[in-house]
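Peer 1: On the provided structure of chain E, position chain R as indicated by the hints.
For the record, the sequence lines run as chains E and R.
Under the working numbering, the residues of the first sequence are numbered 138 to 494, in order.
Under the working numbering, the residues of the second sequence are numbered 138 to 494, in order.
Worth flagging that the hints you see were computed from the coordinates, not collected in a lab.
Treat each hint with caution, since some may be false.
Identical chains share a label here; the pair holds if one copy fits it or two copies do between them.
[Unchecked claim] In silico lysine to aspartate or glutamate, DMTMM-like type, Cα no more than 25 Å apart, as pairs: (1) Lys-185 / Asp-429; (2) Lys-487 / Glu-241; (3) Lys-296 / Glu-159; (4) Lys-178 / Glu-239; (5) Lys-232 / Asp-181; (6) Lys-185 / Glu-318; (7) Lys-225 / Asp-168; (8) Lys-232 / Glu-401; (9) Lys-412 / Asp-491; (10) Lys-278 / Glu-340; (11) Lys-278 / Asp-400; (12) Lys-225 / Asp-269; (13) Lys-412 / Glu-340; (14) Lys-358 / Asp-247; (15) Lys-412 / Glu-441; (16) Lys-178 / Glu-365; (17) Lys-296 / Asp-247; (18) Lys-412 / Glu-245; (19) Lys-232 / Glu-182.
2 protein chains.
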Amino acid sequence: MHGGFGGAIPCSLFPVPFYMTELRQNLITRDWVIIATERAKRPDEFTKTETQLIPTPEYRSNCPFCPGNELLTGGREILRLSDDLNWKVRVVSNKYPALSPEGERVRETDGIFHSLSGFGFHEVVIEHPRHDLTMALMEIKDIANIIRVYRQRYIHIRKDARVETIIIFKNHGQGAGTSLEHPHSQIAAIPIVPYQWRDRVREAIRHYDDTGECIFCRTLKEELEAQERIIFTSEHFVAFIPYAALSPFHTWIFPRRHSSSFDEITDVEILDLAKTLKNVLAKLYYGLNNPDYNYTIRSIPTAEQRTDYSHWYIALIPRVSLSAGFELGSGMYINTALPEESAAFLRSVKIPPDNCY
Amino acid sequence: MHGGFGGAIPCSLFPVPFYMTELRQNLITRDWVIIATERAKRPDEFTKTETQLIPTPEYRSNCPFCPGNELLTGGREILRLSDDLNWKVRVVSNKYPALSPEGERVRETDGIFHSLSGFGFHEVVIEHPRHDLTMALMEIKDIANIIRVYRQRYIHIRKDARVETIIIFKNHGQGAGTSLEHPHSQIAAIPIVPYQWRDRVREAIRHYDDTGECIFCRTLKEELEAQERIIFTSEHFVAFIPYAALSPFHTWIFPRRHSSSFDEITDVEILDLAKTLKNVLAKLYYGLNNPDYNYTIRSIPTAEQRTDYSHWYIALIPRVSLSAGFELGSGMYINTALPEESAAFLRSVKIPPDNCY
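Next comes chain E alone, as it looks inside the complex:
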């Protein structure tokens, strides 16, 4: 999904330069990454080049997420955050959900063919009434509203014993897989723990058993000491490009307080996270010209209690490169940007004063 081990780069008559690349291991995901220093691009070379000639309007009459079109939304309205005048955030069931909240988890096994009925929740969070706003341009209090809604749904869905994993995620831009322009994110709740998650939890437990420390807390501590990959810090959160970032500008936002599950976030922390998220997204917006991106909140499986070894966090992946056969074939990544340079670049991006709230 990350990386980019595209075909051979068209050659020229220049002599082949000498260099050494570096492999780095991401101790949390366990992935090895080739940091392709000789192929590395300067940070600004990842800037999106298409200029949007037609500005996005504040409202579209045919947009099912715009105010006044609530009857067009399709799914059932689950939650509405309003003040006296208007709604601020809405949650609706996805009209074409990948999972259905009806029925029980039924597991069938026939030789190697293992299946499970597709129970689950699939909800859409309409983030703001305005059609043209993206999080990078929203006020911090608007982003805090969205996070508050995430928490409220997380707490509610977690009570359903059929749910094992809750995934909150956002697809921004066509290259990140979205088909609707109006700002929105999604919540999926699934009846299993994905193998990748189980595996990471197992590795985190192994680290805890060996050392008595949370691998996430340890990573945060060492990244803060190293400083060179930090993008933004607040009282409760730290945004940084990991040492073995899997792709260019791959960013993690860690809570400083050890906490296993996203729904443990406090009101004070929500405001602080909104500030952090706003800053990072605005730096991407101005620095790389509104790149497509995904983010996801990684939190412990719902059946687990608070633990000493697991730590929730946000993973943010700008879609500025393409994965190819090497990544598919190896499960490894190639990162053509130096994490230290990418972080220095983002630190240097200034957010215009009229977008500082």
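Peer 2: Only chain R this time, still in chain E's reference frame:
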């Protein structure tokens, strides 16, 4: 990399239909896949729509891989398969390799920061003199030449004790990450075993220890019995869409004979694999209008001996859908095509008589 949990689909006023989706587990990769039956598209809806208005020429004067331009290729020529008149296949070192064959493997550890010098091989296989030919249109004997070259390089590179994993892969089309039009594939040799591979080998061993059988042989047996996902069979190979295919038209080509390492392929099997690969790629070419795709040869790490639990195979991934935040956040996949329907569709695709060799 697969799937597609894109944003909410724009709604209409039609009532929400009732349906149940299904989750399936891929026992070899351990991944759970949501087979999104209600969102499922008909096979022909994945057809590439862009029409190439300008036909590709047989030769381009500025293409570094076209005959006559060998001095432009850039990398060092490693191997050339020729007859009396011309070369048929060439292998050159990648001019901008992600890994360098110079130096030793040096590992450094500083707290959580683990790194390794970027030793490795990165070679380009120029598959054919003709600029406009793609494997789907080549003669079977040409494809056999390419596979023979893969084997020759694999056997040679495997002797280098610094190499732990050899990955042979192909990127076809821009959506699959290639930047050069001339038909080519790549060979990468890396100084580690990627975590994903170790993990799969561990699971294959567990299955072998529990049951005494190779999980790949077992899968092949059950898929042959079920028949409904088979695309093409030959004397030595079987091409099928796995029960829990990770993405639309995700295809596996398994050797019938249990064999752990790709370089154990015999001359007779090479000819047979060429026929199988040609058939599958031609069916994709005519059925889906030349989709972008990646394939990769998955083979045991080089340090391992022949084993009873591991089985080499080819994974082929047409790039007809996009992964998004759900896949990134969960490590799961969403497949919007029913494997049984996709296989039936490909079985029905006829290859024109003038392209049957």
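Peer 1: Work down the list of hints and note, for each, if the structure agrees.
Peer 2: Now the hints, each set against the structure:
Proximity of Lys-185 and Asp-429 under a CA criterion of 25 Å is satisfied in both settings, with 9 Å inside one chain copy and 23 Å between copies. Taking CA atoms no more than 25 Å apart as the test, Lys-487 paired with Glu-241 passes in neither setting, with 51 Å inside one copy and 42 Å between copies. In this assembly of identical chains, Lys-296 and Glu-159 lie within 25 Å of each other by CA distance solely across copies; the values are 23 Å between and 45 Å within a copy. Within a single copy, Lys-178 and Glu-239 get their C-alpha atoms only as close as 49 Å, which misses the 25 Å cut-off; across copies the closest is 23 Å, which meets it.
In this assembly of identical chains, Lys-232 and Asp-181 lie within 25 Å of each other by CA distance solely across copies; the values are 24 Å between and 39 Å within a copy. Taking the closest pair of Cα atoms, Lys-185 and Glu-318 come within 25 Å of each other both inside a single copy (17 Å) and across two copies (23 Å). In this assembly of identical chains, Lys-225 and Asp-168 lie within 25 Å of each other by CA distance neither inside one copy nor across copies; the values are 40 Å within and 38 Å between. Within a single copy, Lys-232 and Glu-401 get their C-alpha atoms no closer than 29 Å, and across copies no closer than 51 Å, so neither meets the 25 Å cut-off.
In this assembly of identical chains, the alpha carbons of Lys-412 and Asp-491 lie at most 25 Å apart only when taken from the same copy (15 Å versus 63 Å across copies). For a Cα distance limit of 25 Å, the shortest separation of Lys-278 from Glu-340 qualifies neither inside one copy, at 37 Å, nor across copies, at 47 Å. When the C-alpha separation of Lys-278 and Asp-400 is checked against a cutoff of 25 Å, the pair qualifies only within one copy, where the shortest distance is 19 Å, while the shortest distance between copies is 60 Å. In the homo-oligomer, the alpha carbons of Lys-225 and Asp-269 lie at most 25 Å apart inside one protomer (14 Å), although the nearest pairing across protomers, at 55 Å, exceeds that limit.
Proximity of Lys-412 and Glu-340 under a CA criterion of 25 Å is satisfied in neither setting, with 31 Å inside one chain copy and 43 Å between copies. For the identical chains of this complex, Lys-358 and Asp-247 are inter-copy neighbours only, at 13 Å across copies versus 48 Å inside a copy, given an alpha-carbon limit of 25 Å. Taking CA atoms no more than 25 Å apart as the test, Lys-412 paired with Glu-441 passes in neither setting, with 29 Å inside one copy and 51 Å between copies. Only within a single protomer do Lys-178 and Glu-365 lie at most 25 Å apart by alpha-carbon distance; the minimum there is 18 Å, versus 47 Å between protomers.
Taking the closest pair of Cα atoms, Lys-296 and Asp-247 never come within 25 Å of each other, the shortest separation being 31 Å inside a single copy and 42 Å across copies. Taking the shortest alpha-carbon separations for Lys-412 and Glu-245, neither the intra-copy value of 46 Å nor the inter-copy value of 36 Å comes in at or below 25 Å. Only between protomers do Lys-232 and Glu-182 lie at most 25 Å apart by alpha-carbon distance; the minimum there is 20 Å, versus 38 Å within a single protomer.
Hint compliance for this structure: hints 2, 7, 8, 10, 13, 15, 17, 18 are broken, all remaining hints hold.
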